[in-house]
Amino acid sequence: MCGIAGVVRLGPGDGPPRELLLSMVAQLRHRGPDGFGLYRDSWAGLAHARLAIVDLTTGDQPLSDPDGTWWIVFNGEIFNHRALRTELRSRGHRFATSSDTEVIVNAYREWGTDCFARFNGQWAFALWSPSTQELVLSRDPSGICPLFVHEGGGRVRFASEVKALFADPDVSRTFDVDGIQQTFMYWASQAPVTPFSGIEELRPGTYRIYRAGKVEDGVHWAPTYPPTITATPSDLRAATEELAERLQIASRLRITSADVPVGAYLSGGLDSSLTAMLGSDASAGRLETFSLGFEDDGFDERPFQRLVATRLGSRHHEITVSRADIAEVFPEVIFHSERPVLRTAPAPMFLLSRAVRAAGVKAVLTGEGADEILAGYDIFREARIRAFWARRPESTVRPELFDRIYPYLDGMTGRTKRMAQAFWKIGLEDVGRPGFSHGPRWRGAASLRRFYGREFADAAGAADAPGPLDHLPDAFGSWSPLSQAQYLEFTTLLSPYILSSQGDRQLLGNGVEGRFPFLDPDVMALCNSLPAGFKLRSLDEKHLLKQVALDHVPAEILARKKQPYRAPDAVCFLGDERPAYVAEMMRTSTLEAAGVFDPTAVRALVRKLEAQRAEGRGTPSNADNMAFVGILSTQLVHHQFIVGPRAPHAADIRLVVDVEPPDMSQDHR
Amino acid sequence: MDADALRTDLRSFIATNFLFTDDAVADDMSLLESGVIDSTGAMELIGHVEDLLGVTVADEDLVAANFDSIDRIVAFATPHMQ
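For the record, the sequence lines run as chains A and B.
Quick note on numbering: my numbering labels position 631 of the first sequence as 683, and the sequence is numbered without any gaps.
Quick note on numbering: my numbering labels position 28 of the second sequence as 182, and the sequence is numbered without any gaps.
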């Protein structure tokens, strides 16, 4: 993939300075180290950092159509670009390159905003028309590719990452209270809100057009589900065959639609094993596979990863991650995520993509999305049990079902177990209301707000942070309880956290592109159309996918219990060996400068965790882990983006495209 | 709903949700012993019966004697049906 940035003036004034555009795009160097490009006229400037994957020879950007009507900067891939090109040719469009970028330009000329729904891909792009001064921004359905926007001083600025916007000294840098509030509830800020005041994230599946002084926002895709439907066993068989076929097409397309070799991540779980298996026969020569191992036994899945690699006959690479590795790399991880996180899990993903790059591979298949569209997560099973319990809240028999999904409850004595059950009992009366499924998770994260300092708590309390439940689709209430939970999981966590903080940002931090067969539009459309019982059958998660996998994945992988991807959290940052920055970030003066957390409360948390560690008293609780990582990462965001120096001028940028057409600045407005 | 309608409904629900075939189970077959359902399957089956009858089952009635076969479910449910 790549990085894009640009500035467009919205009224009278000067065009964007060349130096500004260069220093913006220099901030995106990690996303596209293969070449920089610049387009600039008296209204607009577009800049591009390229990671060359398709059309290595003529795919440089910015690029225009033959008559220079539209210019584009594009991050991502349009996997069906060959088919679209054929169709566009038959309608009289001409092509000068074999890139997917040029297909977007002509598709927009032909179909306007209807073109987005024809793309099978992952994208964030900006189209600019110098003659009409129109700017079109668009982002893919699930939010694989990032896009941020800032308006101010008569200009609109956009970029793949916030740090490029902050390269402009006219863009102010402060925390956004809503963005922080949302983080400590939904685990991530919810687009269009970001952790930074004035910086907007273009929502996945939407576009925006700036034209003649007006701004038009539109939706080209959103998850949708049928009303509750019943099904028969023969439908399940048909659905299994259909899913197998669509997944195979999606996996192959993501391997063949590249002019460089595409590798694959293997987590040791079902999803990535299956897509690697389905895609492998399309990879010319040997597939390169990549896996994460952990020094901590509880997180390690290497035996299963090796099993799949052996079956694939792939050239397998693995890295082993220690607590110290996580602590050391964490500031860099937050530099890329540009948001606070409540888990360290993005850190190993950054180390993994570094290994991919070191092996000379630029793109990888990964299994993300399966747990959301096919109901793999415990949160879906938990919600089903809570709904069953809610029918008779006084029952002590019904909550025994939690033993089935949380085996650690099995060994607990009566009273301890009742305590655990009491946690899921909260909000039982909300059954049938939107958000019922996510109540326990959101309440858990929101409890971390007790670490807020008084001033921040007052500001946060005064501003009622918007949330996902404030703008649900009209049809939401007609969907099955499982579909409602899937919608919330997809929009609140997959897009802003899994695909962003833990996905794109850690992949592109090392110049590696991720490709996601489960997020193929045909795969998603099928899965979303199926009855809930196909996906979550009783409490059997991803039931349908397991039927598909029977023919492809080693039996040991199918038989193992699903292990959520986790990494060691607070323990990485405790003890004498912790890096110096940890104490620096958690110091009273630094905490006060950021103005979010109460130094006394943070000190007490650190003291508790250090004592626990020194005395060897078990592992930190989930709440303490999330509090520590959330606070540390918020502090690192503040340190690196709010008080850190602005980006320096980029003297060393070498441009492969450098276009400044003659002045055509007769104001049309 | 009468007992016959309930019986027909249960046969089809069990076939669709637990057997994954268009076959049927015998009305007196033990669903637990035969492995057709386990505790999570029981949750689904009991939830379905509750939906049908518009009642919720008390803890003391949540026992195999009431839910282990189609015959037993029908016997348990009959007093609850209008």
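Read the hints as simulated data drawn from the structure, not as lab findings.
Source: prediction; values computed, not measured.
Possibly wrong hints are sitting among the right ones.
Claimed, not checked - Far from chain B, some chain A residues (derived; all Cβ distances over 12 Å):
1) Ser-150
2) Arg-436
3) Arg-444
4) Arg-618
To be verified - These stretches of chain B come out as covered by chain A in the derived footprint (C-beta under 8 Å, 3 or more residues):
5) 161 to 172
6) 204 to 215
As the list claims (entries may be wrong) - Some chain A residues near chain B, calculated using beta-carbon distances under 7 Å:
7) Thr-284
8) Pro-285
9) Ile-301
10) Arg-304
11) Leu-305
12) Phe-440
13) Ser-447
14) Val-449
15) Arg-470
16) Ser-590
Virtual Cβ for every residue (Gly too), placed ideally from N, Cα, C.
Consistency of the hints with the structure:
For A:Ser-150, the requirement that its beta carbon stay farther than 12 Å from each beta carbon of chain B is met, with the minimum near 47 Å. Interface exclusion of A:Arg-436 from chain B breaks down, the closest Cβ pair being 8 Å apart, not more than 12 Å. Listed as a non-interface residue, A:Arg-444 fails to keep its Cβ farther than 12 Å from every Cβ of chain B; the least gap is roughly 5 Å. At the 12 Å boundary, the C-beta of A:Arg-618 stays outside the reach of chain B, the nearest C-beta of that chain being 24 Å off.
Restraint check on the segment 161 to 172 of chain B versus chain A: 3 residues with Cβ-Cβ distances below 8 Å, three needed, restraint holds. Counting residues of the segment 204 to 215 of chain B whose beta carbon lies closer than 8 Å to any beta carbon of chain A gives 5, which reaches the threshold of three, so the coverage claim holds. For A:Thr-284, the shortest C-beta to C-beta distance to chain B is roughly 6 Å, which falls under 7 Å, so the interface hint holds. For A:Pro-285, the interface hint holds, the least distance from its beta-carbon to any beta-carbon of chain B being 5 Å, beneath 7 Å.
About 26 Å separates the beta-carbon of A:Ile-301 from the nearest beta-carbon of chain B, more than 7 Å, and the hint is not met. Evaluation of the A:Arg-304 hint against chain B yields a violated restraint, the C-beta minimum of about 29 Å exceeding 7 Å. Look at A:Leu-305: its Cβ only gets to about 31 Å from chain B, farther than 7 Å, so that hint breaks. For A:Phe-440, the interface hint holds, the least distance from its beta-carbon to any beta-carbon of chain B being 5 Å, beneath 7 Å.
For A:Ser-447, the interface hint holds, the least distance from its beta-carbon to any beta-carbon of chain B being 5 Å, beneath 7 Å. A least Cβ separation of about 5 Å between A:Val-449 and chain B falls short of the 7 Å threshold, and the interface hint therefore holds. Below 7 Å, beta-carbon pairs count as interface contacts, and A:Arg-470 has none with chain B, the closest being about 14 Å; its hint is therefore violated. Given hint, A:Ser-590 at the interface with chain B, holds; its Cβ is 4 Å from that chain's nearest Cβ, closer than 7 Å.
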